[in-house]
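**Student:** We have chain U; now place chain R onto it with these hints.
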Amino acid sequence: MTDLTPRPVDDSGSRPSRRILPLVVLALVVAAGGVILTQFLTSAVDYYCNADEIGQRSGCDEERRLRIQGTVTDGSVAVERGVTSFTIAFNDVTVPVHYEGEPGGIFKECIPVVVHGQFDRGVFRGDRVEVKHSNEYVAVNSDRLTEAEFEGCEPGST
Amino acid sequence: MLGVLAIIATAWLVAFGLGFSPADRDQEESVRILYVHVPTIWVAYVAFILTAVASGTYLFSKKHSLGFDRFAGASAELGVLFVGLTLIVGALWGRLTWGVFWQWDARLTTTALLFVTYIGYLAVRRLGGDPHQRARRSAVMGLLSVLLIPLVHWSVRLWRSLHQDATVLRPDGQVKMDGLMLFSLFVGVVAFSLIYAWLVIHRTRVLWMEDHESEYGLEAAVEQRRAEALETPSSNSTGGKTDG
Numbered sequence: 001m002t003d004l005t006p007r008p009v010d011d012s013g014s015r016p017s018r019r020i021l022p023l024v025v026l027a028l029v030v031a032a033g034g035v036i037l038t039q040f041l042t043s044a045v046d047y048y049c050n051a052d053e054i055g056q057r058s059g060c061d062e063e064r065r066l067r068i069q070g071t072v073t074d075g076s077v078a079v080e081r082g083v084t085s086f087t088i089a090f091n092d093v094t095v096p097v098h099y100e101g102e103p104g105g106i107f108k109e110c111i112p113v114v115v116h117g118q119f120d121r122g123v124f125r126g127d128r129v130e131v132k133h134s135n136e137y138v139a140v141n142s143d144r145l146t147e148a149e150f151e152g153c154e155p156g157s158t
Numbered sequence: 001m002l003g004v005l006a007i008i009a010t011a012w013l014v015a016f017g018l019g020f021s022p023a024d025r026d027q028e029e030s031v032r033i034l035y036v037h038v039p040t041i042w043v044a045y046v047a048f049i050l051t052a053v054a055s056g057t058y059l060f061s062k063k064h065s066l067g068f069d070r071f072a073g074a075s076a077e078l079g080v081l082f083v084g085l086t087l088i089v090g091a092l093w094g095r096l097t098w099g100v101f102w103q104w105d106a107r108l109t110t111t112a113l114l115f116v117t118y119i120g121y122l123a124v125r126r127l128g129g130d131p132h133q134r135a136r137r138s139a140v141m142g143l144l145s146v147l148l149i150p151l152v153h154w155s156v157r158l159w160r161s162l163h164q165d166a167t168v169l170r171p172d173g174q175v176k177m178d179g180l181m182l183f184s185l186f187v188g189v190v191a192f193s194l195i196y197a198w199l200v201i202h203r204t205r206v207l208w209m210e211d212h213e214s215e216y217g218l219e220a221a222v223e224q225r226r227a228e229a230l231e232t233p234s235s236n237s238t239g240g241k242t243d244g
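Chains as they are written, first to last, in the working numbering: chain U, 1 to 158; chain R, 1 to 244.
With the rest of the complex left out, here is chain U (with noise of 0.2 Å):
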């Protein structure tokens, strides 16, 4: 008769974690979901005002904290004193703004920006500038007469 016992294999601690480890997981992502999920009612839903929708549109106030978006004016960034001021644009409305440092990603004239900042006496002061770059892919220097119809930047267009 072979003796089939089974061996005493040390597995304490182990099973009770393979089951729990799940369990936090699924925790962790309901956790997480509704972090998301508020995320995106309080901020991914409207996420800006366009230029011309300032005091027009319902949560477009003047008073409140915005996010604006429209295009950079040709010709209208200047830096002074460690301030970039420049002109956004969207169906013919500009609106000026000042924001404290260099804009980062791709910021020039001409392209679409999205800025997050609050009116003070006309004046739109950004604390931070956002490039919307558009969802067409041009090669660099491949064709000049593109090149000269994105130097007369036409404001609004997106």
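Listed next, the in silico SDA-like pairs over lysine to any residue satisfying Cα-Cα at most 20 Å (straight line):
1) LYS108/U x SER30/R
2) LYS176/R x ASN141/U
3) LYS63/R x VAL53/R
4) LYS176/R x SER134/U
5) LYS176/R x VAL140/U
6) LYS108/U x SER134/U
7) LYS108/U x GLU28/R
8) LYS108/U x ARG95/R
9) LYS108/U x VAL77/U
10) LYS108/U x VAL100/R
I should point out that these hints are in silico values taken from the structure, not numbers from a laboratory.
**Tutor:** Same frame as chain U, but now just chain R:
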């Protein structure tokens, strides 16, 4: 064979993505991230859709074959991997173009939700129970989770988003992209699709082996123990002293 093709396609992607394709007028060299960012999310979409198809096939077929469940699990794992890659390279791209790594805008938020949902799907698969219990509950979740994909894809049209609108899959059918850039993107899609196909086959096989091991593990252990005991009768007297 599939692995070799995947490696060749990846080499092509490196050559076109980093070499032959031109820089973008606005985004300059950072546009090259596009060749990873877009293919990975497209392949992730496909992976999650295939998870849903396999889940539905398991649930509604008469045979209830666990093979479909294992494929669903493997495909979801790779989908999570590819969405994770999309989020990482997207954050890097965002820093270079927008000026920020992350923003709670509609596209980014819904993509994060998709990522977290499928991590939840993978956690549900590991809650325990027999393989058919696992297959049933994860199939239901696989079918429900896939509904997020249209929300992610159309989020840039449903809400105002910092993320740009689609370039290739546009409703008007027009593709506003330089020809060589478009070809490089196509190479990226082929490369990541082959990588997905290669990995999903192997991962499905590993999941089959895991199921097989747990199903037959006890019988195999008894057989192994019996064989050892017959081979070394003298060790019977000290049974239980050696490692199992």
